[in-house]
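Colleague: Chains as they are written, first to last, in our numbering: chain A, 1 to 89; chain B, 1 to 89; chain C, 1 to 89; chain D, 1 to 89; chain E, 1 to 89; chain F, 1 to 89; chain G, 1 to 89; chain H, 1 to 89; chain I, 1 to 89; chain J, 1 to 89.
Among these hints, one or two may not hold up.
Said to hold, decoys possible - The list that follows gives simulated cross-link-like pairs (lysine to aspartate or glutamate, DMTMM-like), each with its CA atoms no further than 25 angstroms apart:
id: 1; chain 1: F; residue 1: 68; chain 2: J; residue 2: 64
id: 2; chain 1: E; residue 1: 14; chain 2: I; residue 2: 20
id: 3; chain 1: C; residue 1: 68; chain 2: A; residue 2: 67
id: 4; chain 1: E; residue 1: 68; chain 2: A; residue 2: 67
id: 5; chain 1: C; residue 1: 76; chain 2: C; residue 2: 54
Hints listed in this document are in silico derivations from the structure and should not be mistaken for laboratory results.
Protein chains: 10
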Amino acid sequence: MVTAIILINVQRQKVNQIAEQLADMEQITEVFSVSGQYDLIAIARVPRNDDLAEVVTRHLLTIDGLEKTNTLLAFKAYSRHDLEAMFSV
Amino acid sequence: MVTAIILINVQRQKVNQIAEQLADMEQITEVFSVSGQYDLIAIARVPRNDDLAEVVTRHLLTIDGLEKTNTLLAFKAYSRHDLEAMFSV
Amino acid sequence: MVTAIILINVQRQKVNQIAEQLADMEQITEVFSVSGQYDLIAIARVPRNDDLAEVVTRHLLTIDGLEKTNTLLAFKAYSRHDLEAMFSV
Amino acid sequence: MVTAIILINVQRQKVNQIAEQLADMEQITEVFSVSGQYDLIAIARVPRNDDLAEVVTRHLLTIDGLEKTNTLLAFKAYSRHDLEAMFSV
Amino acid sequence: MVTAIILINVQRQKVNQIAEQLADMEQITEVFSVSGQYDLIAIARVPRNDDLAEVVTRHLLTIDGLEKTNTLLAFKAYSRHDLEAMFSV
Amino acid sequence: MVTAIILINVQRQKVNQIAEQLADMEQITEVFSVSGQYDLIAIARVPRNDDLAEVVTRHLLTIDGLEKTNTLLAFKAYSRHDLEAMFSV
Amino acid sequence: MVTAIILINVQRQKVNQIAEQLADMEQITEVFSVSGQYDLIAIARVPRNDDLAEVVTRHLLTIDGLEKTNTLLAFKAYSRHDLEAMFSV
Amino acid sequence: MVTAIILINVQRQKVNQIAEQLADMEQITEVFSVSGQYDLIAIARVPRNDDLAEVVTRHLLTIDGLEKTNTLLAFKAYSRHDLEAMFSV
Amino acid sequence: MVTAIILINVQRQKVNQIAEQLADMEQITEVFSVSGQYDLIAIARVPRNDDLAEVVTRHLLTIDGLEKTNTLLAFKAYSRHDLEAMFSV
Amino acid sequence: MVTAIILINVQRQKVNQIAEQLADMEQITEVFSVSGQYDLIAIARVPRNDDLAEVVTRHLLTIDGLEKTNTLLAFKAYSRHDLEAMFSV
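Please build the complete structure, drawing on both the sequences and the hints.
Modeller: As structure tokens, this is what we get:
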């Protein structure tokens, strides 16, 4: 499973609307509206890098009001939970 | 459930060691070593704000080699998954 | 009581107008126009996180001329004063 | 009453200790440990500018572990509360 | 006497025009067009904080082409000159 | 008369001591301890550029505890006051 | 062979389109859409500096939607591969 | 093939030495000493994400004098050349 | 001779056009289009400070497409060449 | 002729000493101590890129007290003067 944490800035008025659009995407398992200098944080969990590329360089581009994204690829996940099973990608 | 995403910079040699220490903490459900300008991202899920305060202003301080943390409180979570049940906090 | 300090940048001409709009909001106890690189600082004091989420991701979005917000959640308050009683939230 | 909001970064291990030291200072009415890129936010309320100068250029200098301060002078306060009476400076 | 140094960025074409407008303001004793990352630096000398608030949150807002201001309150002045007499505020 | 505004950061404990050292320098007419992201602002007024060079690249270097300086040359001064006479350089 | 790595930010919707335009340029051997704070990274390999100047100050200017470029000249290449032969410039 | 571009800052005296160490690593196909705000740029080409994780979170940590790395994952490569064959990973 | 190095950012399409306009100015002896985060670097060599002020606060303002300038005054020049004679200002 | 403008930060006490060391280097034609956020600016003029690489990745490394360099390669020079002849490289 390939995981990426996407730090997102959006047009302020569209925070909730964009969060819901992102959460509807099959590749995105969680979206949080957050305090601090970012507006949203999305967690993508996909089978392969190419799927992640699709999310970042195609799907995200179609979302109106999304101003800036900074995608952080997870090299390795550390957890007591079986994330792969939980999010059964 | 109170969720926070913690962006972390550490002394480079201690990336893996610190990731494991964080993942062992009861309040932290996932830790990722990541690409980009941060070294680690930890996701804390706790019952109340005070628990989050304990994590950030007490537990994290005890971890040697941890240089900078930027805690982003999740105002709202958007997900197809029942995160509260999955991470049964 | 959940407290947050919100660092705010606004369209210059609307400093006073926005400060008054914010101070009228039930969840905001104090607003200051300030020197330095921010324009306004608002202090929100609310019963629960969800109320804070409402302020940041709904009410603030309706304020015209508000350009950038950076919300800092207070983990813990230290004071000789009984803030909870004083601001009776 | 002269009010200033002081954005503070400290040596991580000393967050709680410094917060308590600051809260004990007569001129400081509230101190918060906060999320985001600052560690502490202190609110100073004093009779005159000179008192604020004393806080920033003398008292704060004596606090060990305090790394960076950015003092924002409040030009004007907007509040439903009578802050001057509440904090009777 | 309350003194503040205001670091100013303006629309490039209006550097001279805005410098003259600022210098005409009773509360501003000197304005300099400067090298480096700021365009203008104004020195305000006023009797009380409220007067400074008037300058920053009212008068400066009326100046067209003024893009960004960063007001630094002078806590204390050090000089061989009797600045208070010289600028007889 | 050549004027320069020097934005200065110093070791925190030495703010007052360095301000006095600077104010004693013949070429420096005023020094202010200030709020915001700088610690001190000094105003140098000298006959020629070479004198300014002496201040920045020789005298300032001898001051212990001075960490960072950013010298802004004043291209032009705008003032109702006769600064040249007042500071009789 | 003169090599340069060009860090590029583009209008989000045009990531793929611009990547293809760049890859079609004779002087550009590889283009990558990337994670992190840049959108694209292009590697130019040309015979002489003047060719590089042509790329950066003429060809790139004709590409619509390209917002910011930061060209890093390679002083020296270190590789087990014979890059000069492989990319036969 | 998974490709990543790694932006690297090192202790100045060790630029050449570290460049050679990196180029000797099987996963790194090219290293460039570069102009601008970075010191070195390395291009890693590996079969799978896990190999990239090994490079960034294990091998790079062993290199003395390496101060900061910012790894940009290549989502997609655009090139007239058959990079996969050329670098036969 | 007063020398200043001016770091310039311009609208991308006008790099060459603006470079030529600047090079035609009597006070500017050299202009370079450059790699890195600036677009152009101009070197002004003039008899007196006032001439430099004219360049920065008047002539440069007339150049369409010039977005940002950061003027660095040269305190002292060090060279084997007799720059004053070579550029006979 | 390959020209590069090198923006340099040094240990404050060594500004003059380092400027003279740089000016003694055959490849460096001018060095200026400057106002603003940089300490020195050096102009290198050499026959080929490799010579520039030697300057940046070898000679500069030997200079004690030099903290940070940002080398900007000149793509093209615009001047009424015959720089190539004047600096006869």
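Colleague: For each hint, tell me whether it holds in the structure or not.
Modeller: Do the hints match the structure? See the list:
no., hint, verdict
1, 68/F with 64/J, "holds, 19 angstroms"
2, 14/E with 20/I, "holds, 24 angstroms"
3, 68/C with 67/A, "holds, 13 angstroms"
4, 68/E with 67/A, "holds, 22 angstroms"
5, 76/C with 54/C, "holds, 21 angstroms"
Violated hints are absent here; each numbered hint is respected by the structure.
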